[in-house]
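Protein chains in written order, with my numbering: chain A, 1 to 251; chain B, 252 to 802.
The set of hints was computed from the structure by calculation and includes no laboratory data. Small disclaimer: the values here were computed from a predicted structure and weren't measured. C-beta atoms are modelled at their ideal positions from N, C-alpha and C, and glycine is treated no differently. Treat each hint with caution, since some may be false.
No farther apart than 27 Å at their CA atoms in a straight line, the calculated lysine-lysine pairs in the DSS-like style are these [claimed, not checked]:
id	chain 1	residue 1	chain 2	residue 2
1	A	K88	B	K349
2	A	K52	A	K152
3	A	K166	A	K110
4	A	K88	B	K577
Footprint (simulated), chain B over chain A, 3 or more residues, beta carbon under 8 Å [as the list claims (entries may be wrong)]:
id	region
5	42 to 56
6	75 to 82
7	98 to 109
8	126 to 135
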Amino acid sequence: MIEIEGLVKRFGAHTAVAGLDLKVAPGEIFGFLGPNGAGKTTTVKMITGLLKPTSGRVRVAGHDVAQDPIAAKRAMGLVPDEPFVYPKLTGAEYLRFVGELYGARLDDMKRRVPELLEMFELGPWGGELLESYSHGMRQKLVLAGILLHEPKVLVLDEPMVGLDPKSGRLVKDIFRTLAQRGTTIFMCTHVLEIAEKLCDRVGIMIEGRMIACGTLAELQARGRGGAGTDLESIFLSLTGGDEYATLLRYL
Amino acid sequence: MLALLAARRARCARNAATALTPYERGRNFAFGLAGFALLYGLYAGFRRVLLYLVGVELIGRLLLWKLTAMMFLMTLSMVMVSSLLTSLTTLFYSYDLKFLMNAPLSLRTVFLDKSLESAFFASWMIALVLAPYVLALARALNLGPVFLAAFVALLPPFLLLAASFGIAFTLILLYLFPSSRTRDVVWVLSSLSMTIAYGLVRFSQPERLIRPDALKVVAEYLNFLQAPTAPYLPSWWAARGLQAAADGRWGDWSADLARLWGAAILVYAGLVWLAGRTYFTGYSGAQEGGLRRRRHAFAPLRESWIFGRIGPLLWKDRVAFFRDVKHWSQMLLIVGLVFVYLFSIQRLPLDSADLRSLVSFLNVGTAGFVIAALGLRFTFPSISLEGRSWWVLKASPLTTAQIMREKFLFSAGPMLLVAFVLGCATNLILDADRFTATLSLGALLAVAAVVCAMGVGLGALFPRFHVENIHQVESSLGGFVYMAACLFYIGATIAVLAWPMQMHFQERFGKAGAWDWRLAAASAAMWLTLNAAAAVIPWTLGLRALENHEL
Numbered sequence: 001m002i003e004i005e006g007l008v009k010r011f012g013a014h015t016a017v018a019g020l021d022l023k024v025a026p027g028e029i030f031g032f033l034g035p036n037g038a039g040k041t042t043t044v045k046m047i048t049g050l051l052k053p054t055s056g057r058v059r060v061a062g063h064d065v066a067q068d069p070i071a072a073k074r075a076m077g078l079v080p081d082e083p084f085v086y087p088k089l090t091g092a093e094y095l096r097f098v099g100e101l102y103g104a105r106l107d108d109m110k111r112r113v114p115e116l117l118e119m120f121e122l123g124p125w126g127g128e129l130l131e132s133y134s135h136g137m138r139q140k141l142v143l144a145g146i147l148l149h150e151p152k153v154l155v156l157d158e159p160m161v162g163l164d165p166k167s168g169r170l171v172k173d174i175f176r177t178l179a180q181r182g183t184t185i186f187m188c189t190h191v192l193e194i195a196e197k198l199c200d201r202v203g204i205m206i207e208g209r210m211i212a213c214g215t216l217a218e219l220q221a222r223g224r225g226g227a228g229t230d231l232e233s234i235f236l237s238l239t240g241g242d243e244y245a246t247l248l249r250y251l
Numbered sequence: 252m253l254a255l256l257a258a259r260r261a262r263c264a265r266n267a268a269t270a271l272t273p274y275e276r277g278r279n280f281a282f283g284l285a286g287f288a289l290l291y292g293l294y295a296g297f298r299r300v301l302l303y304l305v306g307v308e309l310i311g312r313l314l315l316w317k318l319t320a321m322m323f324l325m326t327l328s329m330v331m332v333s334s335l336l337t338s339l340t341t342l343f344y345s346y347d348l349k350f351l352m353n354a355p356l357s358l359r360t361v362f363l364d365k366s367l368e369s370a371f372f373a374s375w376m377i378a379l380v381l382a383p384y385v386l387a388l389a390r391a392l393n394l395g396p397v398f399l400a401a402f403v404a405l406l407p408p409f410l411l412l413a414a415s416f417g418i419a420f421t422l423i424l425l426y427l428f429p430s431s432r433t434r435d436v437v438w439v440l441s442s443l444s445m446t447i448a449y450g451l452v453r454f455s456q457p458e459r460l461i462r463p464d465a466l467k468v469v470a471e472y473l474n475f476l477q478a479p480t481a482p483y484l485p486s487w488w489a490a491r492g493l494q495a496a497a498d499g500r501w502g503d504w505s506a507d508l509a510r511l512w513g514a515a516i517l518v519y520a521g522l523v524w525l526a527g528r529t530y531f532t533g534y535s536g537a538q539e540g541g542l543r544r545r546r547h548a549f550a551p552l553r554e555s556w557i558f559g560r561i562g563p564l565l566w567k568d569r570v571a572f573f574r575d576v577k578h579w580s581q582m583l584l585i586v587g588l589v590f591v592y593l594f595s596i597q598r599l600p601l602d603s604a605d606l607r608s609l610v611s612f613l614n615v616g617t618a619g620f621v622i623a624a625l626g627l628r629f630t631f632p633s634i635s636l637e638g639r640s641w642w643v644l645k646a647s648p649l650t651t652a653q654i655m656r657e658k659f660l661f662s663a664g665p666m667l668l669v670a671f672v673l674g675c676a677t678n679l680i681l682d683a684d685r686f687t688a689t690l691s692l693g694a695l696l697a698v699a700a701v702v703c704a705m706g707v708g709l710g711a712l713f714p715r716f717h718v719e720n721i722h723q724v725e726s727s728l729g730g731f732v733y734m735a736a737c738l739f740y741i742g743a744t745i746a747v748l749a750w751p752m753q754m755h756f757q758e759r760f761g762k763a764g765a766w767d768w769r770l771a772a773a774s775a776a777m778w779l780t781l782n783a784a785a786a787v788i789p790w791t792l793g794l795r796a797l798e799n800h801e802l
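For reference, chain A alone in the conformation it holds in the complex:
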């Protein structure tokens, strides 16, 4: 459903993504991990057509993002790292607007918008301007927006940031259900526990390169701790995070 071939992005002399190859299958939840500045958000932006790759190709639901961006975008839903939304629209109007952009039917929106607002506990806020929403509320609204047009692929950049525990649990359940129905989910996250429990496969990126990719069992086999090691330990061993113990002495 997502096919990435030889993806490269350079900003001047800096290479943010250095030749990424990846396939994410239909119904798979793929966790994309890495330290800050590893190139995760740049990758997300290239998948969703917000950034042009320096070289390489991305196909989403069979559509080349560079050659056929409209079809690719219609098949996708994006939750960016910062949920900026129109401050002068209400929650219900934002969902209506997004639904209209993606061609959702009016009858479906009439039914689905109040449902989605209720589901994310935004019902009482649906008529308020978005300028009065908190960060978490805007995050939930953006999540509701991508569910409205039922995309085949979800691309999520830190979707859990700002969510309260109850909403976090709800979102995880939604992702699982959608994946069971065949939706592909590509998710960047720093919350390793979520990646561990939710993702079918995990990729770890450092300095623009994918240094490890596979199921948890496969990563455990590659790590120093062996079977039974948690993802945090694997992540730290692969990314050189063990040094943090040395660093802590300086504090």
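Starting from the known structure of chain A, fit chain B onto it as the hints suggest.
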């Protein structure tokens, strides 16, 4: 601490300059040159006027200094109104305020830092227009660099004092009414005050005062010329100081310089003291959003029915426009501007029908300029105003061309309406003949449409999604390029259409065979080519740039 905050600004500016790509450097250089050419044009115009004035016998110098005092007064009032809007966003809604308020900085330091930023943004562009005037003044009076240095010394305290008005007003208002609704009230008040002030100045017919025949006796006229222009305002101190420098009266110049700097230091010291007691209350209140529930009916969108895929975007822009007081309140200004414009046309001392028809034709230029200025406020920033929500459109299944077409349509309707009202009303007031009326109205409608296309195209070429207020978009390099391009296009329109107008007037004056149809056809072809080029070139450049714009 203030020095540290100033250093971070300097560092940011330096980093931004060094991070430019060679293409961006080249582009900025090219457009900088265009801007310089525009300033030179202003300088040439001012020099012509001032050289004429200085040549008037007996009262030449009096006229010149009266005009200078009026220029300073106008600058003062423009900076004052501009600071009202700028200080509101800078002092209470800047992105970095959360960081600064959290930092171990005194409230007064934060206030002073933000006040100086506000004063800078409110005044730099207006001051830039004052520079060619003073250069022309130096040229007209044969004065050298010492005079210019004297002006440079007078300018900062003058601008700081002008900007302090808006800073003080918003500081006190937000303290008394600490709510985000106050922001809306300030926007409406500032638009209204600008409209009323502009109307009052114009309806008082100041042109009578520079026409000696309009006053009863010569003595009255001389008294007017010699009298101070608003003696208690810093604009008069600056103008008087400049005159003293021109006359070589350095003692008087020093006195005015000291008065300006002293007043500026005193006013800002007072403001800083006041801020210690009031700023936080206002800041805290401004962050609180007012709640007012709205019910969405899920009715079919009229815009989608008419415009298809871009309908939802038109609907979103319409809803957001009429909810955002800083946008809709500007319509008050437009109404005021149209009335004042028509009043000015009506007051023109035109005795003959030929002269009235000629003015009706030249109206394409002046009304075109008004439309271009409206475009700078409404059309040019339309892409940038998507702001940080731009990702919603960029990630959606809409092409960049569709988004630009929507921005064009959203602006074109009102702009064509203003052009139509200005064109028809002017022709009616002037009783222009049918040929001139048709030509000027047609040309004006074309100007409105093309200026819209230029606004969207250049707005896409210079998008600024991360600005704090619309003035930063208007006063950016792109805004400058847009205005320069509009002025060039409107000037070229007048030049191209002057041929058929000339033949028409020759016919009116009874010249047989006045019409050379080949020349008329060439003029029509050039006019069409000019319009096509003026619309298509910025549009294409903007489309390409926006498609490649990286978030």
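Verification of the hints:
Distance check on the hinted pair: K88 (chain A) and K349 (chain B) sit about 22 Å apart at the alpha-carbon level, within 27 Å; holds. For the suggested pair K52 (chain A) and K152 (chain A), the alpha carbons sit about 22 Å apart, so the restraint of at most 27 Å is met. For the proposed pair K166 (chain A) and K110 (chain A), the alpha carbon gap of about 26 Å is at most 27 Å, so the pair holds. For the hint pairing K88 (chain A) with K577 (chain B), the CA-to-CA distance comes to about 12 Å; that is within 27 Å, so the pair holds.
Here's how the region 42 to 56 of chain A fares: 6 of its residues keep a CB closer than 8 Å to some CB of chain B, so the rule of at least three is met and the hint holds. Only residues whose C-beta sits within less than 8 Å of a C-beta in chain B count toward coverage, and the region 75 to 82 of chain A has 4 of them, enough to reach three; the restraint holds. Counting residues of the region 98 to 109 of chain A whose CB falls under 8 Å from any CB of chain B gives 7; the rule of at least 3 is met. As drawn, the region 126 to 135 of chain A meets chain B at 6 residues by the rule of a beta-carbon pair under 8 Å; at three or more, the given contact holds.
Against the hints set out earlier in the document, no violation occurs for any number.
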